[in-house]
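There are 4 protein chains.
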Amino acid sequence: MPWDFSTDPEYQEKLDWARQFVREEIWPLETVFHELDQDQLDRAYAPLQERVKEQGLWAAHLPPELGGQGWGQVKLGLLHEILGTSMLAPNAFGCQAPDSGNSEILALAGTPEQKERWLEPLLAGDIKSAFSMTEPGAGADPTLLQTRAVRDGDDYVINGHKWFTSNGSIADVLIVMAVTDPDARPHQRASMFIVPADTPGVNVLRDVPTMEHPEGGFGKLGGHSEVLYEDVRIPKENLLGAEGTGFLIAQHRLGPGRIHHCMRWLGVSQRAFDMLCERATYRYAFGSTLAEKQTVQNWIADSAAQMQAARLMTLHAAWKMDTQGASAARTDISLIKFFGAGVLHDVVDRALQIHGSLGYSTDLPLEAMYRMARGARFYDGPDEVHRQSVARQILRGYEAPADGVPSEHLPTREAHARQKFAEILEMVTAND
Amino acid sequence: MPWDFSTDPEYQEKLDWARQFVREEIWPLETVFHELDQDQLDRAYAPLQERVKEQGLWAAHLPPELGGQGWGQVKLGLLHEILGTSMLAPNAFGCQAPDSGNSEILALAGTPEQKERWLEPLLAGDIKSAFSMTEPGAGADPTLLQTRAVRDGDDYVINGHKWFTSNGSIADVLIVMAVTDPDARPHQRASMFIVPADTPGVNVLRDVPTMEHPEGGFGKLGGHSEVLYEDVRIPKENLLGAEGTGFLIAQHRLGPGRIHHCMRWLGVSQRAFDMLCERATYRYAFGSTLAEKQTVQNWIADSAAQMQAARLMTLHAAWKMDTQGASAARTDISLIKFFGAGVLHDVVDRALQIHGSLGYSTDLPLEAMYRMARGARFYDGPDEVHRQSVARQILRGYEAPADGVPSEHLPTREAHARQKFAEILEMVTAND
Amino acid sequence: MPWDFSTDPEYQEKLDWARQFVREEIWPLETVFHELDQDQLDRAYAPLQERVKEQGLWAAHLPPELGGQGWGQVKLGLLHEILGTSMLAPNAFGCQAPDSGNSEILALAGTPEQKERWLEPLLAGDIKSAFSMTEPGAGADPTLLQTRAVRDGDDYVINGHKWFTSNGSIADVLIVMAVTDPDARPHQRASMFIVPADTPGVNVLRDVPTMEHPEGGFGKLGGHSEVLYEDVRIPKENLLGAEGTGFLIAQHRLGPGRIHHCMRWLGVSQRAFDMLCERATYRYAFGSTLAEKQTVQNWIADSAAQMQAARLMTLHAAWKMDTQGASAARTDISLIKFFGAGVLHDVVDRALQIHGSLGYSTDLPLEAMYRMARGARFYDGPDEVHRQSVARQILRGYEAPADGVPSEHLPTREAHARQKFAEILEMVTAND
Amino acid sequence: MPWDFSTDPEYQEKLDWARQFVREEIWPLETVFHELDQDQLDRAYAPLQERVKEQGLWAAHLPPELGGQGWGQVKLGLLHEILGTSMLAPNAFGCQAPDSGNSEILALAGTPEQKERWLEPLLAGDIKSAFSMTEPGAGADPTLLQTRAVRDGDDYVINGHKWFTSNGSIADVLIVMAVTDPDARPHQRASMFIVPADTPGVNVLRDVPTMEHPEGGFGKLGGHSEVLYEDVRIPKENLLGAEGTGFLIAQHRLGPGRIHHCMRWLGVSQRAFDMLCERATYRYAFGSTLAEKQTVQNWIADSAAQMQAARLMTLHAAWKMDTQGASAARTDISLIKFFGAGVLHDVVDRALQIHGSLGYSTDLPLEAMYRMARGARFYDGPDEVHRQSVARQILRGYEAPADGVPSEHLPTREAHARQKFAEILEMVTAND
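Chains R, X, P and V, in that order, give the protein sequences.
Everything in the first sequence is counted per full-length UniProt numbering, starting at 1 for the first residue and increasing by one.
Everything in the second sequence is counted per full-length UniProt numbering, starting at 1 for the first residue and increasing by one.
Everything in the third sequence is counted per full-length UniProt numbering, starting at 1 for the first residue and increasing by one.
Everything in the fourth sequence is counted per full-length UniProt numbering, starting at 1 for the first residue and increasing by one.
FYI, nobody ran anything at the bench for these hints, they're computed from the structure.
Some hints could be false.
It does not matter which identical chain is meant; a pair holds if it fits inside one copy or across any two.
[Said to hold, decoys possible] The calculated lysine-lysine pairs, modelled on BS3-like cross-linking and capped at a C-alpha distance of 30 Å, are: (1) 53 x 14; (2) 320 x 14; (3) 115 x 128; (4) 53 x 420; (5) 14 x 420; (6) 128 x 420; (7) 236 x 14; (8) 53 x 236.
In isolation and in its complexed conformation, chain R is listed as follows (with noise of 0.2 Å):
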């Protein structure tokens, strides 16, 4: 059936299991987790990630050749739906970022050798990896990259300044991308490099602290590294694709990250929507309970739409996705990152205020979740980007009328009215 927003039983079946292994197995880890090194954490995640694999969900992004599932869009984004619920969640499930991403380009775009040296113990998890992108000059706009990889004989040689390197200060690999004809367009000046971590020149200054992660770093998942490259000399062997399709594969990795980046927001979102609507069930003040003031009635209201309006133009993006393409369902991703976003930051933003102290103090993951979302907005590029874009893409549809008049002015459109008017009439007329 046409316009079948339901998903196949046997499906619903796993995600249901999801549902109930991520709360019940995943969010306890998350109160001890700063408090475990890193070989008790890989110890506690080992007998998690057997019992994922159990049920077909390892790795569920990658292609069935390489142990994934091939599902489409639609059932990933499902699933990420439920391992946002908890940062904690994609490592038991196989998808943990940059990993996650890194090994989609290295299947993409990488020889057989390169498969073979570095996306094979990547799937292993024997080797973590980063990716290298962001400049502290170079936000949004590609033409600004400063990194440079110069051809020397067989050799590339890159100089450049990263920082928000995922990863970064963990990996054994880092992707980098790096300018390598400043001449050309755009879009096509920049290459993508494989970059072992510990070739000479690769310096990582220190992991950046953010709002999110004020010590630096997610410690045993990674941080936002900020990485100097002098004079790093890689084979050209290492170059990843053809020379100038940096930005091309870089595209094809964030259009799916970005559904299953809006997604996890859904499970984020939906975790603070239970807190805030179970607060409102007991909390009282001035003679009734919160559920019964018109303002948290307004809260819930407004949440509940704004989260049914992200999970659908999701899924939809998805399933376009899945459909049509990446390029087709380019305008639906960057719509649902812009929107998405604010509707991550408004859920838990009125979450933690029905909490009042309580939401702001780290006694509930609310604070947490509310300086995730302040991220969200310009990760992956900022909003404003993808306004620009989503504008550009729509107004190529569009095209000035040839009499500069507007299409729809009535004085104009008159003439043209009475006359067809007259015809109809004269046509009944001819009738009667």
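Position chains X, P and V against the provided structure of chain R, taking the given hints into account.
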């Protein structure tokens, strides 16, 4: 395939036909509409209605046995989105309010005699009907209805003061909601009655002029009448359904009606959005076209996101109504009511603003759309009541934690988490 | 005392008188206004104007030598707040647009001959004037003006297409802005001319119907006329001021005009706010009066805050204009334009919503206020242009840091801070 | 001159000094603050405090007899706007919360003995004090306070559970609010007590970690402590003021406190705004600096308008408090609480967004400002309660119309208007 957002190709063809038909045949009527008398208008509509019937799109909301299509709300929704682009379109498609809703009510709750006497001529277009529920002193709260119907022998005698009775001044028959048992539970106090317009005591005071129709009515398409019922005596056979079922019947009428409303609003929004985008392409100020201004780009992107959201939410509500029944879709329908009204306003508002003085003038249809949009926020119940209703329904799914501590209170949860984690580590160690 | 928010008691008395006078004498006129012909209206106004003159409140915007008061903008603002409560009030106080602004222009830039010929009869109420600047193709960007005035011997010949020419259809004389030097700098291209309405070639096409005045004009109080100037020949003596000073003069007129506008909007807002609050006290729904609903409480609190904000900002801008001159107050005036338009809309919108259908009907003045409010967002330049103007003026006060690093970049500042602190400690230690 | 928005020149000089002093001497301290121990910090502050005293700006909130200035709230407000730019500034100016508020309370309600014992060492900086009012189960509703103080012979015995007790963990003495008469009227149930920190039964459980201070306290400047009072016995002489006056005293403390808060928020906002504007001047993306992007221009213009609004409203409230008393200013103070909190958030949020990842990192002070700003919406009572309070106070000025019809109902008013108008015409005619 589940989560399928496509329309079946055969129906898509019908929609494409309808879209072109409304644009080419109905839109021009708008500019001459005000000059036509009732007879001319009827003559102009006749051949249009014939073509709609040929396409099998006539009165599509009715069950097949009454000449409708029995399609369900998703398909109806998609059609109403197109009809919404012109307030003159529904009449060409046999689904002009309030006749459409009234015919549904009669089909649902009418006796065979009532159907023969009222429904058949209504469907044949031989009579017009009004819907008389709203009272000056009673807005959205049904317990405040004052109009009374008192049983007197074999008759009912109705007394009361209604307004915003759609079509009141041109109707042959009115469906009137009146309290039959003031002591019953709130939603069982009232009943519906069929009142011929020529019954003594039915006094139509005026068509209330509004922001949308300052001239006091839509003229040939009816108005919002103020009606005084003074000792209006009707036989008991004119009771519609059982005593006390007035709200039940009204609810049945309003549910699908809201879906159609929301989809028609999207039609209006899309028309305004097209004007907004067209204007951006050629209007020039301060060194560039408006398409290059980021404020305008934001308007376009936000409008696109909001419209996409409202569209998917409405079709989802329609799907839920089709597959799980009206009751299951209740929250969804309240959601789209207030969310959709907001979207309509925002999109029309932006389209008007980009046209400046021109948009504010009656040379473009935008100012009329803007006036119409303002009504959407309280028609069929003010947004505030729908928000409240949504919140109450959602809150039924939550309960207060037994110990009065939020379920996610980290200090409280920590003991459990530690034990959980100890077990995991133990298990892992045992397996070593 | 500095930072003194009080009004001097003597003037407060005048304001109190004006408030009561407008409420008791002018408001009732609103309900019969549409039935009066021009003569009746003039007769009705005459005694009212007399009483205003007796109070010394007549034409208060004019300099003393022209019969005005020379009070400055703060006092004028406080008066206009009261006049704003009724669109019929300004005419009783001798400050009806566009005559009020035109008389200011003539007083400012007119030659003695021009003053005698046009200003005196204007002040005496013997003639009416129009202001003709806006063109269909030129909104807020002055460089887009197309109307041309070409010197030909001792005459100027004007050709062009204007609309939204206030009073165009009833004026005896029009002040017309036309380009005299297309090659000059943007703000020196145009000049102002005095054009008698009966000059051949002045063709008033229509009063443009708008959302506010759908009947095409304010009738007896003028309309927004569309005017075609075809080879309109006027003697060079009708040039107002020097060639190229058109925008300079317009700017002089618009500054105080915006302050008066904003204060009048506050008058409208206050009147709507009073209706909102009154309704809350007695309207009952769902178990309590609306005054007990938190949504309504939010509306009241937010409206009060916004009105207080707009009021203080406008009076502050007026004070700045009075004490530091129009140029110093430029940013402040742009601020209140868009901020005030938003406040007006929001307050009226809430007042309308709380009245539901009644507010939407013409039985209350709210729906007319709502339609009027929509115009405020683009009259005198769209809000978007004022925001841009404010930003540009503010940004002139900032410069890029020499090293391209934000002044507040903590790592960069740290060295300086350490040294500073070492010095402090050293100093402290030395003092020990 | 009435409506005078200027500051007297002498005081302006002091403000200019303070602005430069805070910027040059205090801001640098921020970057080394976290490394200093208490002793170093005290030593660093000493010379700074000396300079403030020399300027006559020390403890300016106190009455002259206690070494303060007795300036009134307008002047204090202007000073706090400057102090707000750094959270380290108040301590240098002798007005660090909660000591500043506590000293006001002691000055207001303390007996001579209490003043000698507690106020004098507090003012001398020899001891630190805490303010202990908030309870986990009682937010803004005072009737929900659970902490009890029971008279027992010549003592009071206090039992209860408080949190967000400012300075609790470092204080020598705590001001504690406890219920003395549970059956009294809501605002007369509680009293304030002076509780030495070393009294048996005063158990400081922890400093509650919050979004603003995740490390659990401000360290050397105090924290939000959770305190358990278990059979805390204090002599009856430690009652502050009369029994039942707890809320009265608290209210006295909170009024001016809110004005100072709001002005400090404006200091923060201005600092963030400066960063926003500076960034716009040089950051380049997509073909121009950010200063040229209309979105950024909108941010600047809207921020400027909001800050101007909040500033004028706060100074107006201060002026009202100075001239008409705290009670008259009550609505004004509630208004600025929620309005100002919103402005603070919005400005900081935009400044952060324009800096993207950099703004989100701890390399700029913006992310800390953003976290602080989130607290402003519920500190000193959540915004929702202040809105409710404002609405209730305003609504006292309105009453229901006697006939249940809106005062402005046009049909109802029409008869009166016609009569009025007939009289006018008659009068005019008589005069003819």
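Violations among the numbered hints, reported as their numbers in ascending order: Per hint list: 7, 8 violated.
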